[in-house]
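Chains A and B, in that order, are what the protein sequence lines are.
In terms of this note's numbering, the first sequence opens at residue 1 and continues consecutively.
In terms of this note's numbering, the second sequence opens at residue 1 and continues consecutively.
Hints are computed from structural coordinates only; laboratory data are not their basis.
One thing to keep in mind: the hints can contain errors.
Distance ranges between label pairs, derived from CB positions [to be verified]:
hint, chain 1, residue 1, chain 2, residue 2, range
1, A, D260, B, G58, 49 to 55 Å
2, B, L41, A, D260, 33 to 39 Å
3, A, K295, B, D437, 53 to 59 Å
4, B, A54, A, T68, 55 to 61 Å
5, B, N295, A, K295, 53 to 59 Å
6, B, V471, A, S178, 40 to 46 Å
7, B, D437, A, I259, 54 to 60 Å
8, A, D72, B, L41, 42 to 48 Å
9, A, T68, B, V471, 27 to 33 Å
10, B, K491, A, I259, 32 to 38 Å
11, A, K295, B, D70, 31 to 37 Å
Ideal Cβ positions, reconstructed from N, Cα and C, are used throughout, including at glycine.
Single-letter residue listing:
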Amino acid sequence: MRTYYFCFILLLSSKVNSQYILPTLDDTLVPKHEISLSGVADYASSSILNSMSNKLLYGGDITDDIKTASFDKHGVINRFGVNLQGEIEYRNTAASLFKKHDLGYGIKAGYYSFGGVVYPKDLFGLAFYGNAIYSGKTADFSGTSFSFYSFQKIGFSLIDKKNSSSITLNLVNLSSHSSLRVNEGTIYQSLATDTLSLTVNANLSNTGGNSFSKGIGFCLDADFRLPMKGLNDNVSFLQILVKNVGFAFMNQPLTVNSIDTSYATTGLTFDELINSNGPLTPSFSALDSLSIIDKYSRNSILLPGMIQVSKLVEINSSRRFQEYYGFRIFLSKAFIPMVFVGLDTRLGRSLHIGVNGSYGGFSDFMLGMYSYYKIGTWSLGVGSENIIGFFTNKAYGEAISMRLRCGF
Amino acid sequence: MKNKYVHISFLSLLLVAFTACRKENTSWKNVWIAPIINDTLSLGNFYNDSTLIAGTNGTIDLDFSRTILDLGISDIVKIPDTSIVQLFNPAFGITIPPGFDIFNNIEQHTLIMPGIELKKIRVFSGKIMLKVYNPLNTIALYKVILPGVVKNGVVFEQSYSVPAGSQFNPGTSTAILDVSGYEMDLRGINGTNYNIIQSQLTVKTDPLGPSVALITSNEFKVEASIQNLKVDYALGYFGNQIVSDTSSLTVPYLDNITAGLLDLPSVNLQVEIENGMKVPIKGIISLIENTNANNQTVSLTASSLGQPILISPAIGSWNTLQPSTNEISFNATNSNVEQVLENLGSAYNFGYSIQLNPLGNVNGGWDEVFSTSRIKVKLKAQMPLQMMADGLTLQDTFDVNLKQTSPNITVVSGKLILEAMNAFPMQCEVKLSFLTDQGFTIEEVFGTALIQSANYGTIDPVDGLKKKLSVLEFVFPESLINSIDLIKKLKVEVQLNTPNPINGVNQTVAIPYGAFIGVKIKTAFQTKTVY
Chain A
1 MRTYYFCFIL LLSSKVNSQY ILPTLDDTLV PKHEISLSGV ADYASSSILN SMSNKLLYGG
61 DITDDIKTAS FDKHGVINRF GVNLQGEIEY RNTAASLFKK HDLGYGIKAG YYSFGGVVYP
121 KDLFGLAFYG NAIYSGKTAD FSGTSFSFYS FQKIGFSLID KKNSSSITLN LVNLSSHSSL
181 RVNEGTIYQS LATDTLSLTV NANLSNTGGN SFSKGIGFCL DADFRLPMKG LNDNVSFLQI
241 LVKNVGFAFM NQPLTVNSID TSYATTGLTF DELINSNGPL TPSFSALDSL SIIDKYSRNS
301 ILLPGMIQVS KLVEINSSRR FQEYYGFRIF LSKAFIPMVF VGLDTRLGRS LHIGVNGSYG
361 GFSDFMLGMY SYYKIGTWSL GVGSENIIGF FTNKAYGEAI SMRLRCGF
Chain B
1 MKNKYVHISF LSLLLVAFTA CRKENTSWKN VWIAPIINDT LSLGNFYNDS TLIAGTNGTI
61 DLDFSRTILD LGISDIVKIP DTSIVQLFNP AFGITIPPGF DIFNNIEQHT LIMPGIELKK
121 IRVFSGKIML KVYNPLNTIA LYKVILPGVV KNGVVFEQSY SVPAGSQFNP GTSTAILDVS
181 GYEMDLRGIN GTNYNIIQSQ LTVKTDPLGP SVALITSNEF KVEASIQNLK VDYALGYFGN
241 QIVSDTSSLT VPYLDNITAG LLDLPSVNLQ VEIENGMKVP IKGIISLIEN TNANNQTVSL
301 TASSLGQPIL ISPAIGSWNT LQPSTNEISF NATNSNVEQV LENLGSAYNF GYSIQLNPLG
361 NVNGGWDEVF STSRIKVKLK AQMPLQMMAD GLTLQDTFDV NLKQTSPNIT VVSGKLILEA
421 MNAFPMQCEV KLSFLTDQGF TIEEVFGTAL IQSANYGTID PVDGLKKKLS VLEFVFPESL
481 INSIDLIKKL KVEVQLNTPN PINGVNQTVA IPYGAFIGVK IKTAFQTKTV Y
């Protein structure tokens, strides 16, 4: 209990951070019925320090010092992403589905919010400083790509009792989606600020309306566990995890705002300023002058599915140390393929703790830590893939994940 | 005991989870800069209406030359629309063979023009609507001749074949005749009358038709309607018509002067009456007055005001026409014309009357008016634009629409940065007033400096103009930003002075030709993003 308490306090003191998916622990003692609750809250960036992203997410005034600290960390291409999800799952391996002894079933439901942006440094500069710092320069935000999804799902699983592999077909409700693609975007102003030119070619898609359901779709979850033999003839399992790979079909076509304009000005004449359609007159509309076109298009969208391949950690293994490794990809431009490697340690009969390092995803290098405790029919895993983020504002994100399981 | 720890732990987790969901506003500030205005203001804006013109000594001349009356032949000679009916009834009944001449007669018709006695006109444009009636049951051949109406030496003549009809339902034929370019002798058959137009009608039966019975109740009729006759030449006596009116004249931009003094050098205002008609006329200038933006009116007082001016007829003809002119001159010695002009009003009123033939028909009715003949009343006042401005205040107000439309991004402070390259020998102090829809002043913002007179600058060898660059800012206070939704009008006031660079005392300066003020205004607004 003292060990448990130490670990719990350790994690709680760091704002209760826990692992996301690393590692997926494999319990060979499969209960007949199992209910699990899991949740993930993760944001990460390649360039934005926590001192700033904390303000963006939790509120507060972003001072010039905070902005400058992050701005200096920006490279040519930068990433930022958020992943929030919560799931509840029931698994029944006591039943024999379709009268097949090895086939159990499960039901799951979940809520997911996923968003990511890839952007050049100048977009950050424009967004948080304005264009004043670009006098005599061109601010180039071409290539910016943003997408956000919010959806819910409910699914039915088929479970292979022999190796706990499962496949789940989910019905998806898309509640929100936005995407932005800037093909070309530049702002130039002369050193004396007497010339300003703007070039924008971009598309912004949005689900419109106030209804909860913007689209219906299907997605597939799969969890395949393949045995593989280690150096000492130890058998461990390789997990191929697939989540949310599928489509959503829109109830109404997406509204796409397109802008393709080039505008240059050295200032207006007095007549232009005050004439019947001038910027100071009541009839003037800035949006009209930008030639924004509203289009309705695209009837389906690809969900931000995830594929992860990793070696599992066996909870009931007699080994005190187990290694794990793998890679993960999300179907999102902002998430580059992530590779990870970690070491699990068993402390006593019921407690596992581990550390892992990863590279990729929304950020670059991250250090993770987790703990897993099993007591009777209950087990709790708490961890973080980005543990440093809880200790310093100079990290590039925070992550927490929890998994509570009850088998009976 | 273990369960207790577990429960406490989960409660703590829930507490943390809920408190973590509370989010205060995120905010940060940006600075946006952009060029707003890039314009050059010069007196060229005034050149188009000839208020200001290039002078001979490299300066600008103030030119109040205006034509306040311009009469032409169409104003003097107006031919009324006139209807002519020529009738013929046979004196006895007879059966007539084919090709029989039934009727051949000339009639005279009077154009009603009271007081005007025209001997001859030339038609510039106009039409005659013609309709002829045939009561016979055979085709009738009508010939309409207008004696004295000639074009290129050929008398106006039109022939019609009118279908057979009956006494109660005569055959008819209509035509629209264009008489443009025809000269009309209006002296009648014997050549001694005036305002007379003649018509000759001949009627003959169809040479190829049957013999028909002609009875006394048969009515042969021609209806002619002269319409929209415009003339470009007239000979005769044009009466002693009087044209009398009070004309208003607006000199642009002067209505923006709301205060201050402008000292103009000696002014010589001339009123010229030009007579391009070969008709003697008499003119009277009865009123000259100026009203300024403060509704103050100054009227011209001079002994020559209201006195008749006789102007001889023009000489020559058509392209060789030479108008006669006569003029009245008003200057500081014979009138208060300087006070009238320095009243700085944009509204001028001129009262005048012009009378033709003030002594009656003294030329025996041989007056002539050509298409090129004009009677004009002209106002002339030209002088070098030299002035001394002492707090001369120009003011203009514009409707504006300034709104903070986004709840998340708002302007929190800002300023306008004005760069002015001034080639005028005048110093300007600029004030911006932000007004509500009802005109209530929300805030007044002064520039942080003056736009200095070009006399404080140096000569630009490119154009030879003395120029001075000034940079000033208009800083918008937070109170103004907070009230931005209330701002519906922007009042710009410019106070002008003409200081001497040595002692700062206002002096008389001449405005150099080509003087301008180059204006560049850029904004620097700080916005706050909150969500």
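Now for the hints, and whether the structure bears them out:
1. A:D260 x B:G58: 49 to 55 Å: Hint holds: Cβ distance 51 Å, inside 49 to 55 Å.
2. B:L41 x A:D260: 33 to 39 Å: For L41 (chain B) and D260 (chain A) the Cβ distance comes to about 36 Å; the hint holds.
3. A:K295 x B:D437: 53 to 59 Å: violated (38 Å)
4. B:A54 x A:T68: 55 to 61 Å: holds (57 Å)
5. B:N295 x A:K295: 53 to 59 Å: holds (58 Å)
6. B:V471 x A:S178: 40 to 46 Å: holds (44 Å)
7. B:D437 x A:I259: 54 to 60 Å: Violated: the Cβ-Cβ distance is about 34 Å, outside 54 to 60 Å.
8. A:D72 x B:L41: 42 to 48 Å: holds (45 Å)
9. A:T68 x B:V471: 27 to 33 Å: holds (29 Å)
10. B:K491 x A:I259: 32 to 38 Å: holds (36 Å)
11. A:K295 x B:D70: 31 to 37 Å: violated (59 Å)
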